[in-house]
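Line by line, the protein sequences give chains A and B. Our numbering numbers the first residue of the first sequence as 1 and each following residue consecutively. Our numbering numbers the first residue of the second sequence as 1001 and each following residue consecutively.
Hints are not guaranteed to be accurate.
Below, a sample of chain A positions facing chain B; criterion: calculated Cβ distance under 8 Å [stated by the list, open to error]: (1) Pro99; (2) Tyr180; (3) Thr211; (4) Leu233.
These stretches of chain B come out as covered by chain A in the derived footprint (C-beta under 8 Å, 3 or more residues) [to be verified]: (5) 1115-1126; (6) 1178-1187.
Keep in mind the hints are simulated off the structure, nothing from the lab. Cβ atoms here follow ideal geometry from the backbone N, Cα and C, with glycine treated the same way.
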Amino acid sequence: MTFDSDRLAPVFPARRLPLVRVLVAATLLVFSAGLAQGAAEVPDDADAILDRMVENLRGGGQRATLVMRVERDDDVREYRLEVISDGTERSLTRVAGPPRDAGQAFLVDGDELFVYSPRLGRALRLPPSGRSDGFLGSDLSYDDMAGDEVRDDYDAEVAERDDTTVTLSLIPRPTAPTPYGELRFTASIPDLAPLELEYYDQRGEAVKRLTLSEFRELDDGTRVPTHFEVVDLTADGGRTVADWTDVAFGVEPPDRCFTQQALERGCDW
Amino acid sequence: MSGRTRRVDRGLPGMIRLAWRSLGRQRRRTALLVVVVAYATISLLFFWGLTDGFLTSIYQSQARLLGAPVLVTTPEYHADPDPVHALPELDPLAAAARSIETVQAVAPRVDVPVLLRSPYASTGVQLRGIEPTAESRVSELPGAIGEGRMVASSGEIVLGDALAERIDVRVGERIAVDAASVAGPSALGLRLVGRIDSGISVVDETTALVHIDDARTLAGIETATSLALAVPIGREAAAARALDQRLPDTARAYGVEEQMGELARGLAAERVGAGVMGLVFALFAAVAVTSSVVVSVMERTREFGVMLALGMSHRRLGAMVTLEAILAALVGYAVGLVVGYALLIWMAEVNVLGPLFAGIWGDLLSGLALGTDIRTDVRFVYVAYAGATVVLAALGAILTPARRVMGLVPAEAMRAAD
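With the rest of the complex left out, here is chain A (with noise of 0.2 Å):
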């Protein structure tokens, strides 16, 4: 064992952790929504009220399109992505558009995380480090997409509750791996949709948030968003907006797109 200057690795800054787990719970929740529609009546407790925000986001599979763009003070880039997810902790996400990233894919099967690129022809599994590096060369990282335990590492409680909205309080549980102080969820009553979720740190500040809006009424009356934007709220912090431009729920993806081959080669279905 030697002394070298690996053990004095790069700083990646935190924004990048949260936002695709976010923008993967947008996507649910879409699909969720529809669930919600036909809900009964707000439960008081709030952790049936989070079991009903986690189910919205945990929603069924799905097929979509989702146009990112991440905005800094002097760059704006845009990215098209391709997502397949089973609705539970597998995903595939491929890099559509611009051409230069085409064809980067990105495969989350439960706590694994693989990555292909089509430089290398190979696929890689994510190391730690890696997982926290830039996604695309954006803010988001590779963590990011292996989903979100808001209902294993947080004890919640009703914040605030009107006629339109409630609001959790989430607090970590002592050994839960997240360096977040508190989060605060809120979601529209009666259908528990999620509206926004702000992840403050251990000093009582807010570093970030994500707003839902734009919301689209489907033909079953469901009103779904289209427009995330999730902010940075750190002093040196940016601006990631995703929008959504086609989108299919409720399907059921086969296996095979969850597999190392469709990693590499896609899945046509």
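Since the structure of chain A is provided, determine the placement of chain B on it from the hints.
Chain B in isolation, oriented as in the chain A frame:
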């Protein structure tokens, strides 16, 4: 009686006595020679004492702060420090280590690469899992806590001050720790209970300590990646060699230099370079002595002419001049040894150099895991190193001043101006 005296005077002792008297008659020149040689000797002793002390300090800092005096790992882990190459078992290895007389303590460790995340930044580090009580016997890190306290139980983490600053986390706050364990990805939330402020940048920028149980969880192993052994300073390599004889093939003991790898080889190369410098230093000192003797010979040309006229052979005169140079050099050498070793011993006892060097080359020293405690080494071998000056001075005296004396013509020499 007189014949016997003449016989003695013509021998080496007589020559020495003659040269000694001559030195006594030329007290200013002799004093100058003695001072020059003493100065060179002191300088050489200081040079080697400082060089070795500096290297020793680096080795000890590496051993006590970053690695261990002796580390037992699998050969595979030594080549590729991945938890997948963890030790297969601990108890037999620990028993073997304790059977070595010089091993004072044994502490298991689990080193695992992780990603630390705060709400503001994340960074990759090599996390070290320790048994808090055992670790305090093999490492100086537990004594370098600047704020808070050392890890005492699971769920806690201690970071180097600069590392904590880099990801902006304060004592009492939680950090998310992600790892790729042998069994797959794993993660923990750990509360920061202390910050290490050693004043050594490589330590303060990279240290992350947790309880060994948490590290085992993150690494996905049940044993340890290494056993750290406490061994008295200077006996690390011998202890490692002795322990190697008692270890199974699955494990090996590594001394400090083996742990340091390329850095140790670089430092060894530096010492070779220092040896060349030391030789050049001795050469310059010898030249100074020789030039002093040359000046002395030139000033004493008439005296030598008279001595030749009285019947002294050129050979004996040359020998006398050489002996004068050697005697003066020996006196200076002896004085230099006494003063030089006194200086080295003092600087080995009192940390005079550390604060001085830290003020000038603080960043450089810190990068080498050196703090502000730098002391000289005191080794007997420096007597030989400094003795090179005397030998070179004698050679110089033979080659130049003595040859000049050998070429003197008595009549011309006696007419030479003072």
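Fill in: Violations among the numbered hints
As far as the earlier hints go, 1, 3 and 4 are violated by this structure, in ascending order.
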